Each structure stands twice: as structure tokens, then as C-alpha cells.
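Colleague: In the order they appear, the protein sequences are chains A and Z.
Sequential numbering of the first sequence, starting at 856, is according to our numbering.
Sequential numbering of the second sequence, starting at 856, is according to our numbering.
Heads up, a few of these hints could be off.
The list treats identical chains as one, so a pair stands whether inside a single copy or across any two.
To be verified - Cut-off 25 Å, straight-line C-alpha distance, at most; resulting in silico cross-link-like pairs (DSS-like, lysine-lysine):
#1 K863 to K963
#2 K894 to K971
#3 K971 to K863
Derived by calculation from the structure, the hints in this document are not laboratory data.
Predicted, not measured: the structure shown is a model, and the values here were computed from it.
Number of protein chains: 2
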Amino acid sequence: MEKIPILKMGRFLLVTIQVDLYDRLALDLEANIIDAVTKHQAQGVMIDISAVSIVDSFMGRILSNIASMTRILDAETVVVGMQPAVAITLVELGLPLMGVYTALNVEKGMELLHSKIVPDEDADFDD
Amino acid sequence: MEKIPILKMGRFLLVTIQVDLYDRLALDLEANIIDAVTKHQAQGVMIDISAVSIVDSFMGRILSNIASMTRILDAETVVVGMQPAVAITLVELGLPLMGVYTALNVEKGMELLHSKIVPDEDADFDD
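Let's have the full structure, built from the sequences with the hints guiding it.
Modeller: Below, the structure is given as C-alpha cells:
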């Protein structure tokens with residue numbers, strides 16, 4: 856079961872991270888998200904990390920990389936559901952997740968993505 | 856990281872199962888979903904099992920239980936993203952997931968939930 860599913864929801868993709876992102880899995884995830892953005896012409900990616908209680912510089916870099924890669928493909932990335940302790944750790948590690956949008960939860964992340972994407976903003980889920 | 860996150864999206868909850876559901880984790884998931892349905896007054900629960908490649912009678916029963924429990928609380932449960940091999944295994948095991956709605960993917964599951972829920976059907980995600 857070592858594959859993180861990428862769920863397509865309308866124009867957005869949703870990824871929930873529930874397992875430790877060791878090297879291989881993280882690189883696979885990066886590649887799979889980029890493939891999915893291209894395949895589905897997604898305009899936004901939401902990464903839920905509410906189950907992640909430990910974060911390190913590797914994971915911080917992976918999140919930054921995904922955001923940078925999707926931006927080149929014209930999609931925005933929002934990291935949602937960060938636990939307070941993770942935010943503390945990230946700043947203490949000197950990793951303020953530059954260039955990555957964050958939101959408190961999936962719903963707020965969805966609002967943020969909607970606000971970042973200008974055209975046909977009434978479309979959602981059902982389209 | 857042994858906690859499966861339950862994401863609230865409008866009137867629905869989304870759960871993606873990415874790890875093996877051993878006894879304790881499965882029972883916790885059951886309890887957490889029921890708690891979340893009550894807390895958020897959710898009208899539907901979607902369980903994505905696209906990352907699940909092996910299913911056994913225990914997992915089949917857990918899915919049936921969750922569907923029955925949420926139904927008592929006036930919420931419907933849809934299992935989405937089942938791999939073909941899992942469908943084959945379930946039927947061969949004699950576990951046709953009685954009483955559980957299924958859909959091919961999250962989007963179709965969302966449509967199914969919308970069709971099952973009669974009032975204020977224009978509400979979604981953003982509400």
C-alpha cells in the first residue's frame with residue numbers, strides 16, 4: 856500500500872499524506888502529482904498534512920519542490936491541516952515553507968485556491 | 856502517524872485509507888468517523904480505498920459497519936476508488952459489501968451522495 860493516492864475533484868487535486876515520506880516515496884509522490892496535474896489539467900493541488908506530526912527538512916523541501924513544479928505547470932499548491940507543533944518545528948528548523956500557500960483546513964484551502972484562480976470560478980467539484 | 860484523517864468538505868466527509876487497517880486502527884476509524892458525522896452534522900461520508908490493494912473479511916465488515924452506523928445518524932456512506940482486483944477478491948470471498956454504496960471515483964461518489972440527499976442540493980464544498 857505504499858502509494859499515496861491523488862484524488863481528482865473538479866479542477867483540483869487532493870493528496871492526503873498519512874505515512875512517513877521516506878526518500879523513494881516522496882520522489883514518487885512528486886512525480887505522480889506532476890503527472891496528475893498534466894493529465895487532468897488541474898489548476899490547483901491541495902496537500903493535507905493533518906496526519907503528519909513530525910516534519911523534517913527533507914519533507915519541507917519536498918513540499919516546496921511540489922509547489923514550485925506545479926506553479927511552472929500553472930497550478931497552485933496549498934498545504935492544509937498543519938498541526939501547530941509542525942508549524943513550530945518548521946520555523947525553528949529555519950524552514951518557513953517559502954513559496955508554499957497554506958490554509959487551516961481543506962475548506963479554507965479550497966477557498967484560497969478559488970481566489971487564486973481567476974476564470975470560470977463557479978465551477979467546482981461537479982464539473 | 857497512525858491516525859487516518861477525516862476531511863470535512865461542505866456537508867460531506869472524506870476519508871482516504873492508505874494503510875493496512877489492523878484491528879485497533881479500524882475500530883478507531885469507525886469511532887472517529889461516527890464522532891465526525893455527529894460533530895459536523897455531515898450528510899455523507901466518502902471512503903476512498905484506491906490505495907488499498909488487499910482486502911479481507913475484516914476490512915469488508917468494517918466498511919459495512921461504518922455504512923450502517925452512519926445511516927442510523929442519517930448520513931450515507933459511499934466507498935470509492937476500489938481497484939478491480941479488490942472487487943474480484945470481495946466477491947470471491949463472498950463479501951459483496953451489502954448495504955454499502957460504491958462509486959468509481961471521488962467525483963462520481965460526490966454525485967451519488969448529492970443524489971441521495973434531497974434538501975438544499977445546491978450547497979457543496981463552499982458552504
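Colleague: Work down the list of hints and note, for each, if the structure agrees.
Modeller: Now for the hints, and whether the structure bears them out:
1. K863 to K963: Cα proximity of K863 and K963: in one copy and across copies (18 Å, 11 Å).
2. K894 to K971: The answer is within: 21 Å in one copy meets 25 Å, while 30 Å across copies does not.
3. K971 to K863: Both. Shortest intra-copy (18 Å) and inter-copy (21 Å) distances satisfy the 25 Å Cα cut-off.
Violation of the numbered hints given earlier is absent; every hint is satisfied by the structure.
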